[in-house]
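Kindly produce the complete structure, drawing on both the sequences and the hints.
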Amino acid sequence: MLWTALKDANLLLAFLLELAVYASAAWWAWTRPRRRPRRHWLRPFAALATVSLFAIVWGTFCAPSATFPLHGLTRAAVELAWYGAGAAALACRTVRTPCAGAIRFVGWRR
Numbered sequence: 000m001l002w003t004a005l006k007d008a009n010l011l012l013a014f015l016l017e018l019a020v021y022a023s024a025a026w027w028a029w030t031r032p033r034r035r036p037r038r039h040w041l042r043p044f045a046a047l048a049t050v051s052l053f054a055i056v057w058g059t060f061c062a063p064s065a066t067f068p069l070h071g072l073t074r075a076a077v078e079l080a081w082y083g084a085g086a087a088a089l090a091c092r093t094v095r096t097p098c099a100g101a102i103r104f105v106g107w108r109r
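Going by numbering that gives the first Met the number 0, the first residue of the sequence shown is number 0, and it counts up by one from there.
One thing to keep in mind: the hints can contain errors.
Here are the computed distance ranges between Cβ atoms for each label pair [as the list claims (entries may be wrong)]:
#1 Met-0 <-> Pro-43: 39 to 47 Å
#2 His-39 <-> Pro-68: 38 to 46 Å
#3 Val-77 <-> Asn-9: 15 to 23 Å
#4 Ala-4 <-> Pro-63: 13 to 21 Å
#5 Leu-72 <-> Leu-15: 19 to 27 Å
#6 Leu-18 <-> Ala-80: 13 to 21 Å
#7 Leu-12 <-> Val-77: 13 to 21 Å
#8 Leu-5 <-> Leu-41: 38 to 46 Å
Hints were generated in silico from the structure; no laboratory data involved. C-beta atoms are modelled at their ideal positions from N, C-alpha and C, and glycine is treated no differently.
Laid out in structure tokens, this is it:
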């Protein structure tokens, strides 16, 4: 009984983290600085494309009913890259250059 409750709590936490990655990717695409400020109509398409890309990667390799399910270290590496990309998108959502975003994501300061 306790084991089932812990397993269900773990699955719920994994699902909420997955939704958080989607939300951070969409937020990054929506708030990304634009070089041409008059093209605000592209923001919803950029957010949808980013979330779709994340969903395709997750559904193809990491979902319980994945097309090409991964196991062991390969799955751990893909999940680490997937969650890391979500965290990087959250950290780099308002910076103008990728280098500044990487520095901000790592937490290095002068």
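Okay, the hints, checked on the actual structure:
{"no.": "1", "hint": "Met-0 <-> Pro-43: 39 to 47 Å", "verdict": "holds, 46 Å"}
{"no.": "2", "hint": "His-39 <-> Pro-68: 38 to 46 Å", "verdict": "holds, 40 Å"}
{"no.": "3", "hint": "Val-77 <-> Asn-9: 15 to 23 Å", "verdict": "holds, 19 Å"}
{"no.": "4", "hint": "Ala-4 <-> Pro-63: 13 to 21 Å", "verdict": "holds, 19 Å"}
{"no.": "5", "hint": "Leu-72 <-> Leu-15: 19 to 27 Å", "verdict": "holds, 25 Å"}
{"no.": "6", "hint": "Leu-18 <-> Ala-80: 13 to 21 Å", "verdict": "holds, 18 Å"}
{"no.": "7", "hint": "Leu-12 <-> Val-77: 13 to 21 Å", "verdict": "holds, 19 Å"}
{"no.": "8", "hint": "Leu-5 <-> Leu-41: 38 to 46 Å", "verdict": "holds, 44 Å"}
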